[in-house]
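If you're matching them up, the sequences are chains A and B in order. The numbering used here puts the first residue of the first sequence at 1, with every later residue one more than the last. The numbering used here puts the first residue of the second sequence at 1, with every later residue one more than the last.
Just so you know, the hints here were simulated from the structure itself, not pulled from any lab data. Quick caveat, the model's predicted, so the values are computed rather than measured. One or more hints might be untrue.
[What the hints assert, rightly or not] Sample of chain A residues lacking proximity to chain B, with all beta carbon distances greater than 10 Å (derived):
#1 Leu74
#2 Ser94
#3 Ala115
[To be verified] Which residues of chain B face chain A? A few of them, derived with a C-beta cut under 10 Å, are:
#4 Trp12
#5 Ala24
#6 Gly41
#7 Ile53
[Unchecked claim] With a cut-off of at most 20 Å between alpha-carbon atoms, the simulated SDA-like pairs for lysine to any residue come out as follows:
#8 B:Lys64 <-> A:Pro22
#9 B:Lys14 <-> A:Pro22
#10 B:Lys52 <-> A:His85
#11 B:Lys120 <-> B:Gln162
Cβ atoms here follow ideal geometry from the backbone N, Cα and C, with glycine treated the same way.
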Amino acid sequence: MSIIAYFFYLVLIAGFQVILRPLTSFWGVSLNLPIFIVLTVAWYKSELTAVWFAFFAGIVISAGTPLVMGWHALAMPVLAWGTFHARVRLNIDSPAARLSVVFGGILLHNILTVAISQPDGFVYQLWRTGLTGAVYTGLLAYLLFRLRDGLFGSRRARARF
Amino acid sequence: MSWISNLFSGYWRKLHFVIIILLALLLAYNDDGVSGAVSNGMLSVLYYPFFKIQHSIDDLIGVKKDNDELRAKLADAVSRVSMLEEAARENIRLRSILGFEPPTGYTLLPAEVIAVSGVKIPTSAVLNRGLKDGVVTGLPIINEEGLIGKVISVTDYYSTVQLLTDPANRVAVRVAESREMGIAKYVMSRGLIVDNIPVRGDVKPGDQILTSGLGGLYPPGLKVGTVIAVDHSETDPFSQVRLAPAADFNSLDELFVLRVKGR
Chain A
1 MSIIAYFFYL VLIAGFQVIL RPLTSFWGVS LNLPIFIVLT VAWYKSELTA
51 VWFAFFAGIV ISAGTPLVMG WHALAMPVLA WGTFHARVRL NIDSPAARLS
101 VVFGGILLHN ILTVAISQPD GFVYQLWRTG LTGAVYTGLL AYLLFRLRDG
151 LFGSRRARAR F
Chain B
1 MSWISNLFSG YWRKLHFVII ILLALLLAYN DDGVSGAVSN GMLSVLYYPF
51 FKIQHSIDDL IGVKKDNDEL RAKLADAVSR VSMLEEAARE NIRLRSILGF
101 EPPTGYTLLP AEVIAVSGVK IPTSAVLNRG LKDGVVTGLP IINEEGLIGK
151 VISVTDYYST VQLLTDPANR VAVRVAESRE MGIAKYVMSR GLIVDNIPVR
201 GDVKPGDQIL TSGLGGLYPP GLKVGTVIAV DHSETDPFSQ VRLAPAADFN
251 SLDELFVLRV KGR
């Protein structure tokens, strides 16, 4: 996949952060689409592609908060790297494995995000927005995976992503 | 050669990780310089179009909200204006009847019309006065323009009026100028008429028709209408006089019950 496609994903992430995230949030719980995209890339693509894309995605999602930009730029590649290495030990075509790893990654990212952005009241915020947001995003991930598998089949989905 | 290739490949891979980690640490620990510049660049290039879109969406939402509020205010203002206009009309009507005097020996009881009925023209009306106010069957109803009708049924708080325009109503009248007498009635096809005026009588358009007082139901001198035409045939000894009613039966509002003084 060309670099333009990854740039398009970064633009998509920026658009989501500005427009869709506020619209899809409720009671302070919001979707974490950027990490879902990063983990999906890591699930299907090469290790270096995944970590570099994750690095830039981390910069993009923290563009409004430069104080924590470096930590996001570090956390995202670590999660992408972890997802890549989990995938090589699992059946890549298994929907359950894919969803488990992606959900675990989302949960870890939410925990890291709360730790980076809201260290005060960490436990409360983790329960209030971290876990609920991970479940919310996990449901979206499940639906999107089902949709993609239904449209293309898991092998063809892998080829297309 | 393959182990050299693998070594180089592993080295290359590790170099990427080292670069990424260094860049991330640079952003983390040099937040005033590098990360601020990167942030500005991201915001002005990547985010700016979305901020514009978001701004436009907010504007649209704001415009819709303003529109809804203005519509509600407009509806409220229209209803207030309507109420004020109605109050102004009522004020004018009440001023016009302020100096209205009842016939000698009678008192006026103000009443409001709360319902009218009739097919083409109102033939009966319900007033907000009843037995509790001293209204009884047979009392004449007038307004400042002239005779309206008579009370035909009463309850404690309401009374029903048979209007002059009810074809079943009959009123003894006389011509104000010539003093000739007749019976006024309403005929749906012709309107208000007086149909037994002698042909030789001196009745002409523009003459005033008043109640005659005969029969004892209505006091004499109440205005019933104005002659607009006098019709007669060669064979009929009586003329038929057509009247324009004194009162406008299509806009009945404040009326008066005419009560005999002392009762």
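Structure-based check of all given hints:
Non-interface status of A:Leu74 relative to chain B is broken: a Cβ of that chain comes within 10 Å, the nearest being about 4 Å off. Consistency note on A:Ser94: stated as away from chain B, and its beta-carbon is indeed over 10 Å from all of that chain's, at 26 Å minimum. For A:Ala115, the requirement that its beta carbon stay farther than 10 Å from each beta carbon of chain B is met, with the minimum near 14 Å. For the restraint placing B:Trp12 at the interface with chain A, the shortest Cβ-Cβ distance is roughly 9 Å, inside the 10 Å limit, so the hint holds.
The interface hint given for B:Ala24 holds, since its Cβ lies 4 Å from the closest Cβ of chain A, which is under the 10 Å cut-off. A cut of 10 Å between beta carbons decides the hint on B:Gly41: the least distance to chain A is about 8 Å, and the hint holds. A distance limit of 10 Å between C-beta atoms decides the matter here; for B:Ile53 the minimum to chain A is near 6 Å, and the interface restraint holds. A C-alpha spacing of about 19 Å is found between B:Lys64 and A:Pro22, which places the hinted pair at or below 20 Å, so the restraint holds.
Under the criterion of a C-alpha separation no larger than 20 Å, the hint pairing B:Lys14 with A:Pro22 is inconsistent with the structure, at around 38 Å. For a cut-off of 20 Å, the pair hint linking B:Lys52 to A:His85 is broken: about 40 Å separates their Cα positions. Proposed proximity of B:Lys120 and B:Gln162 is supported: the alpha carbons are some 15 Å apart, at most 20 Å.
Checked against the numbered hints above, the structure breaks hints 1, 9, 10 and satisfies the rest.
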